[in-house]
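Peer 1: The residues making up each chain are set out below.
There are 6 protein chains.
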Amino acid sequence: MKISARNNLRGRIVDVVKGATTAHVRIDIGGAVVTAAITNEAVDDLKLKVGDTAAAVIKASDVMIAVD
Amino acid sequence: MKISARNNLRGRIVDVVKGATTAHVRIDIGGAVVTAAITNEAVDDLKLKVGDTAAAVIKASDVMIAVD
Amino acid sequence: MKISARNNLRGRIVDVVKGATTAHVRIDIGGAVVTAAITNEAVDDLKLKVGDTAAAVIKASDVMIAVD
Amino acid sequence: MKISARNNLRGRIVDVVKGATTAHVRIDIGGAVVTAAITNEAVDDLKLKVGDTAAAVIKASDVMIAVD
Amino acid sequence: MKISARNNLRGRIVDVVKGATTAHVRIDIGGAVVTAAITNEAVDDLKLKVGDTAAAVIKASDVMIAVD
Amino acid sequence: MKISARNNLRGRIVDVVKGATTAHVRIDIGGAVVTAAITNEAVDDLKLKVGDTAAAVIKASDVMIAVD
Numbered sequence: 062m063k064i065s066a067r068n069n070l071r072g073r074i075v076d077v078v079k080g081a082t083t084a085h086v087r088i089d090i091g092g093a094v095v096t097a098a099i100t101n102e103a104v105d106d107l108k109l110k111v112g113d114t115a116a117a118v119i120k121a122s123d124v125m126i127a128v129d
Numbered sequence: 062m063k064i065s066a067r068n069n070l071r072g073r074i075v076d077v078v079k080g081a082t083t084a085h086v087r088i089d090i091g092g093a094v095v096t097a098a099i100t101n102e103a104v105d106d107l108k109l110k111v112g113d114t115a116a117a118v119i120k121a122s123d124v125m126i127a128v129d
Numbered sequence: 062m063k064i065s066a067r068n069n070l071r072g073r074i075v076d077v078v079k080g081a082t083t084a085h086v087r088i089d090i091g092g093a094v095v096t097a098a099i100t101n102e103a104v105d106d107l108k109l110k111v112g113d114t115a116a117a118v119i120k121a122s123d124v125m126i127a128v129d
Numbered sequence: 062m063k064i065s066a067r068n069n070l071r072g073r074i075v076d077v078v079k080g081a082t083t084a085h086v087r088i089d090i091g092g093a094v095v096t097a098a099i100t101n102e103a104v105d106d107l108k109l110k111v112g113d114t115a116a117a118v119i120k121a122s123d124v125m126i127a128v129d
Numbered sequence: 062m063k064i065s066a067r068n069n070l071r072g073r074i075v076d077v078v079k080g081a082t083t084a085h086v087r088i089d090i091g092g093a094v095v096t097a098a099i100t101n102e103a104v105d106d107l108k109l110k111v112g113d114t115a116a117a118v119i120k121a122s123d124v125m126i127a128v129d
Numbered sequence: 062m063k064i065s066a067r068n069n070l071r072g073r074i075v076d077v078v079k080g081a082t083t084a085h086v087r088i089d090i091g092g093a094v095v096t097a098a099i100t101n102e103a104v105d106d107l108k109l110k111v112g113d114t115a116a117a118v119i120k121a122s123d124v125m126i127a128v129d
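Chains as they are written, first to last, in this note's numbering: chain A, 62 to 129; chain B, 62 to 129; chain C, 62 to 129; chain D, 62 to 129; chain E, 62 to 129; chain F, 62 to 129.
Don't take every hint at face value.
Copies of the same chain are indistinguishable here, so a pair counts whether it falls within one copy or spans any two.
Calculated pairs, BS3-like style, for lysine-lysine (alpha carbon to alpha carbon, straight line, at most 25 Å) [as the list claims (entries may be wrong)]: (1) LYS110 x LYS63; (2) LYS63 x LYS79; (3) LYS108 x LYS63; (4) LYS79 x LYS108.
Worth flagging that the hints you see were computed from the coordinates, not collected in a lab.
All chains should be built: construct the whole structure from the sequences, respecting the hints.
Peer 2: Set out below in structure tokens:
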């Protein structure tokens, strides 16, 4: 599968915390850690666990720019 | 200003392309380039240009996880 | 690639309109047409054109519910 | 009320799961099931329950396109 | 129609700018002006024009919090 | 920090409810209350509590327009 989302940041999962319905997954992309809030269901479906190789995928329209 | 968004990926702007109303700004965060689709107005307001230090800011609920 | 986004609606592309930076792609998913606003770049990268089989992918946190 | 969101997929609610703050609601739109992550509060406010007619509403800028 | 989105800020449209595919609509909600980036198509479909009463509708998961 | 997000609605926090992973924060912006769904982590990190001055920050592409 190839997706239109412009951002695909590859790394390794360093944290998976499931809540009641929403899970937080953290990926170390090398120099930075990206946090994703996804469904518990997706964590189970993709069998996500610490140490796995994975990518953070983000649609360009969801990215903001900040300057100091 | 401190913001609730969990992801703040610092880097350098490598591309700014303005469209009719929507601009695309690319930031090299070291090892990866992140694309943001923002308003032309924001580009002007923040005076974004190639070479500037900037950060890609992303809310955790807008991040997906992909595996091979 | 397998993605955490919970919604994957398969269909056929019925319209591709490129703007200055943002394109609108319509997919007939059988009984309904879904409109996506993506980058022109993604249209080129995925070589999207009318008649192609494709899927509309949507993160669960981007879906609202409406009732009459 | 008429809304600017381009996607309105009508169907029937097949699942409502409330978490601590976030609920997951599934709508069978005929041939596909769409999952929405909304607030528990919205579930209560709209009195959503299995069997109800409802629509999944999605802004075009939140839809991605995937191809095989 | 009643929608799950928690935020409905009523006001008056003060600006409508159409781009190639994406329009920017501004609503004065009394004390603040809210900017929406929507499709040109939605502007036409809802016949949005300066002076109209309208509401800015925002899903709670798309709102961030900032402090000084 | 200056951010590209076009909407910054200042007010006072009137409610903070933490769930298992997702918190709901409400800000009275004067005449309207805005609800944000953010991570518990962000609530802790920004030390958000009732009575604090804060702003709701929203990207223009996440704002929809509704008319009666």
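Peer 1: Confirm or reject each hint.
Peer 2: Okay, the hints, checked on the actual structure:
Both within a single protomer and between protomers do LYS110 and LYS63 lie at most 25 Å apart by alpha-carbon distance, with minima of 23 Å and 15 Å respectively. Only between protomers do LYS63 and LYS79 lie at most 25 Å apart by alpha-carbon distance; the minimum there is 19 Å, versus 28 Å within a single protomer. When the C-alpha separation of LYS108 and LYS63 is checked against a cutoff of 25 Å, the pair qualifies both within a copy, at 20 Å, and between copies, at 11 Å. When the C-alpha separation of LYS79 and LYS108 is checked against a cutoff of 25 Å, the pair qualifies both within a copy, at 12 Å, and between copies, at 23 Å.
Violated hints are absent here; each numbered hint is respected by the structure.
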